[in-house]
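Undergrad: Residues per chain are reported as follows:
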Amino acid sequence: NAGVTQTPKFQVLKTGQSMTLQCAQDMNHEYMSWYRQDPGMGLRLIHYSVGAGITDQGEVPNGYNVSRSTTEDFPLRLLSAAPSQTSVYFCASSYTPSGGDNEQFFGPGTRLTVL
Amino acid sequence: SQQGEEDPQALSIQEGENATMNCSYKTSINNLQWYRQNSGRGLVHLILIRSNEREKHSGRLRVTLDTSKKSSSLLITASRAADTASYFCAISGGSNYKLTFGKGTLLTVNP
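Sequence lines, in order, name chains G and B.
Numbering (the numbering used here) for the first sequence: 249 to 363.
Numbering (the numbering used here) for the second sequence: -15 to 95.
Treat the hints as calculated values from the structure; they're not laboratory data.
Negatives, chain B to chain G, calculated, CB over 12 Å:
# : residue
1 : R38
2 : S52
3 : A66
4 : T68
As a list, the in silico EDC-like pairs of lysine to aspartate or glutamate whose alpha-carbon atoms are at most 16 Å apart:
#  : chain 1 : residue 1 : chain 2 : residue 2
5  : B       : K54       : B       : E39
6  : B       : K82       : G       : D304
7  : B       : K82       : G       : E278
8  : B       : K87       : B       : E(-11)
9  : B       : K53       : B       : E39
10 : B       : K87       : B       : D(-9)
11 : B       : K87       : G       : E307
12 : B       : K53       : B       : D(-9)
13 : B       : K54       : B       : E(-11)
14 : B       : K40       : B       : D50
15 : B       : K40       : G       : E351
16 : B       : K54       : B       : D(-9)
17 : B       : K82       : G       : E307
18 : B       : K10       : B       : D(-9)
19 : B       : K53       : B       : E37
20 : B       : K10       : B       : E(-11)
21 : B       : K87       : G       : D286
22 : B       : K54       : B       : E37
23 : B       : K82       : G       : E351
24 : B       : K82       : G       : D349
25 : B       : K53       : B       : E(-11)
26 : B       : K10       : B       : D50
Glycine is no exception: its CB is placed at the ideal position from the N, C-alpha and C atoms.
Throw the hints in and build the complete structure from the sequences for me.
TA: Written as C-alpha cells, this is what we have:
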C-alpha cells in the first residue's frame, strides 16, 4: 500500500492564482481530511469528508473548496491564492466515517508559498 | 474550542533519559490521541486512549489519561536520538468527526 499520497510536494503561486492540491489513499478509508500547519499554530482542520459525495467544513474553510467524487481522492482547491494561505498542507484519512474515533494516517505534506 | 494544549513547548534531554509531555484540555472528550512529527514529514499516530481508559502502553511509550483533571501525559522511556521530533496531542469530542490538535512539544534527544 502507498498509504496517503499528496502532490505536489512544493508549490509557489502568485497572489490570485488558483490551484488544486491532490490527495489520494489506497486503503479504502471512508474519512478524509485536509489540515494546514503554520508555525506556532499546530494543525487546523480545513475540510473533511465522511464518504464519497459528502464533505463538510472544518475550522478554517474560507478560501478553499473540496469535493469527494471517489473514495480514493480528496482534492483541495485554492480559488484565489492569498499570502495568508502560505502554509504546509496535510491530507489525512481514517477507516471509519467518524474520523475522530480512530487513528488518522497522514500524507507527507505539500509546502505552499504564495507571493 | 476543544484544542489540547501541550506542555512544555520544548524539552531537551540526554539519550537514555525519560521524556514526559503533558496535554490539557477543557471539555469532555471521546478519545485523546498522540502523534509524532519528524522535521519536514507528516504526522505518525502513536497511541489512542479512550475516555474510559486510564493508561495504555506501546513499546517504550506510556500514555495516561485523567478525565477528572482533563489531562493526559505521554512518557517515552529510555529515549533515543531518533525520538527527536514534535509530539502532538489530538482531541476527539462532540460529534467525533473532527480531531483538534494542540501546538505540540518539540523534543530534542541529545546523543
